[in-house]
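Q: Kindly generate the complete structure, drawing on both the sequences and the hints.
Those sequence lines, one after another, are chains C and Z.
The first sequence begins at 5 in our numbering and counts up one residue at a time.
The second sequence begins at 171 in our numbering and counts up one residue at a time.
What the hints contain is simulated information worked out from the structure, not anything from laboratory work.
As the structure is a computational prediction, the values presented were derived from the model and not from experiment.
The reader is advised that the hints may include incorrect statements.
Claimed, not checked - According to the in silico footprint, chain Z covers these stretches of chain C (three or more CB under 8 Å from chain Z): (1) 59–72; (2) 160–169.
As the list claims (entries may be wrong) - With a Cα cut of at most 20 Å, we get these calculated SDA-like pairs of lysine to any residue: (3) Z/K388 - C/Q131; (4) C/K230 - C/Q101; (5) Z/K388 - C/A163; (6) Z/K388 - C/H160; (7) C/K104 - C/H238; (8) C/K104 - C/K224; (9) C/K224 - C/Q76; (10) C/K224 - C/Q73; (11) C/K123 - C/H160; (12) Z/K388 - C/R138; (13) C/K29 - C/H55; (14) C/K191 - C/P255; (15) Z/K388 - C/H164; (16) C/K230 - C/S241; (17) C/K191 - C/R246; (18) C/K191 - C/L212; (19) C/K230 - C/L240; (20) Z/K388 - C/R147; (21) Z/K388 - C/A159; (22) Z/K388 - C/E162; (23) C/K123 - C/A148; (24) C/K249 - C/T45; (25) C/K123 - C/A151; (26) C/K230 - C/A78.
To be verified - If the Cβ cut is set under 8 Å, some of the chain C residues that face chain Z in the computed set are: (27) R132; (28) A137; (29) S139; (30) L181; (31) D182; (32) E183.
Glycine included, C-beta positions come from ideal geometry on N, C-alpha and C.
Here is what each chain is made of, one letter per residue.
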Amino acid sequence: MRRAMLSLCLALTLLISCERSPAPKTPVHVFAAASLTEAFTDLERSFERAHPDQDVILSFAGSQTLRLQLEQGAQADVFASANTAHMDALISADLIQAAKPLTTNTLVIVTPANSPILKLEQLTQAQRIVIGARSVPAGGYARAAIADMPQPLRAHIEAHIISEEPNVRRVLAKVLLDEADAAFVYKTDVLAQQDRARLRVIALPNPLQQRATYTIGALKRAPSPKLAQAWIEHTLSPTGQRALKERGFGP
Amino acid sequence: MDHKLQRAAWTLTLGLGLLLLLGPPLALGWRAVSEPLKLLTALTHPMIWPALRLSLLTTTCTIILTLLLGTPLAWWLSAKPTRLTRTISALVELPLVVPPAVMGLALLDLWGRQGILGALMASWGLPSVAMTPLAVILAQLLVSAPLYIQSATTAFGGVDPELIAQARTLGASPRQAWWHVIAPMALPGLIQGAALAWARALGELGATMLFAGSLMGKTQTMPLAILDAMEINVEVARACAMCLGTSALLILFTMRLTLSRWRRP
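A: This is the structure we're talking about:
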């Protein structure tokens, strides 16, 4: 027993010491909307290839959660929001100097692939609908779309919302878990799913369509303002915009 | 000198302990009470009442279920300490050491529409449990009942078997012995366990979030409302937190009071 413990300790020590300590890299902390998870992870790779001495640390959550963390003093260099409202709030709180439009996204309805619901009008068959909470950007866009829908569709949807989730990925998860008959998410969220064959996307007709506008800005108290600027420029560069487009962002 | 130093270190340790443990709740209370107008306005926010009502309703159901199902289980676990009961009592305590989020996923795997029982129920045409107020109760039960069962098992185990035997020789039936000897003697332990379980159920967040979702008036309990309110208006979150904290304090004080009354005569 004792010998086993000793060898375990030894193995652990070896494991820890084996990890080579590379030259210290300058960290860039990026807070980004949950829907940007894959796109920004792609961009992290290309950014770090171009800036080998820098280490991008990404943190994803609902934009409203990130805004709250920033308001409460979280240390970050860059904030990317899935709407303009949360960005504007940080600008008026004097935490961010100015923001730039980053990209856009399209709101869609998603159902399980085997669902009998094939088009918007058939949403009256959905008994369990999930959307983002009011403060979640995707939840805000969904509410705007629902408000524009004709009756009785609108009343049916409003009466059959079973959960309001804290970010758009958790909304989608409810469909993947088969707990929801329909949900309001971004087109890009479905594209990012590996088992998207299990999902069906129903596009919103033009008059109902909500254009989600993403914004990006550097924090005034950014520990490394230059790097923050470099990251923002990278996302807005042709390479960055192409990467976003590959993930389904943009018009 | 040495003595003084010891004393200073002792005071410092105690002070630090008290600051770390009592400081945060006191700070919350102070911030809330120092601006009573803000607190009162926040308390009237439309989010709070449905969440408070739901929390009180669901935890009441949870505690009733805990007593009805947990008491026989605790009795069985304490009465026959075999290898089986020891294993089961360890397994029942699992939710106490496993993060609630794990339990939320576990609940989905059993009761969800793709879950083992959930799929079976769906095939019989029964409505799904997940994402309903019943799901809130099941989540609370799973994480809080172990506290009661643990406490009740210890309480039952502490009843002197000699007394039970005496009651039986004096002509009491097993049922009479249970109600008139065992239950009264175990009662302080049962009350303590029930109060702790209730407080735990009131604070349940992780499992509820995954298994029941969050919808105002249906599944959004007070802890979930605090999370949501933080992102809308911190004052409302603080008001929610005060309600929740006060409710938990009331439960704990009532428990202490009942127990001290019980022990005195």
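Q: All hints, please: hold or fail.
A: We went through each hint and held it up to the structure:
no. : hint            : result
1   : 59–72           : holds (count 5)
2   : 160–169         : holds (count 5)
3   : Z/K388 - C/Q131 : holds, 15 Å
4   : C/K230 - C/Q101 : holds, 14 Å
5   : Z/K388 - C/A163 : holds, 12 Å
6   : Z/K388 - C/H160 : holds, 17 Å
7   : C/K104 - C/H238 : holds, 13 Å
8   : C/K104 - C/K224 : holds, 15 Å
9   : C/K224 - C/Q76  : holds, 14 Å
10  : C/K224 - C/Q73  : holds, 15 Å
11  : C/K123 - C/H160 : holds, 15 Å
12  : Z/K388 - C/R138 : holds, 16 Å
13  : C/K29 - C/H55   : holds, 10 Å
14  : C/K191 - C/P255 : holds, 11 Å
15  : Z/K388 - C/H164 : holds, 12 Å
16  : C/K230 - C/S241 : holds, 16 Å
17  : C/K191 - C/R246 : holds, 17 Å
18  : C/K191 - C/L212 : holds, 15 Å
19  : C/K230 - C/L240 : holds, 15 Å
20  : Z/K388 - C/R147 : holds, 19 Å
21  : Z/K388 - C/A159 : holds, 18 Å
22  : Z/K388 - C/E162 : holds, 14 Å
23  : C/K123 - C/A148 : holds, 19 Å
24  : C/K249 - C/T45  : holds, 14 Å
25  : C/K123 - C/A151 : holds, 18 Å
26  : C/K230 - C/A78  : holds, 19 Å
27  : R132            : holds, 7 Å
28  : A137            : holds, 6 Å
29  : S139            : holds, 4 Å
30  : L181            : holds, 6 Å
31  : D182            : holds, 5 Å
32  : E183            : holds, 5 Å
Hint check: no violations occur; every hint is consistent with the structure.
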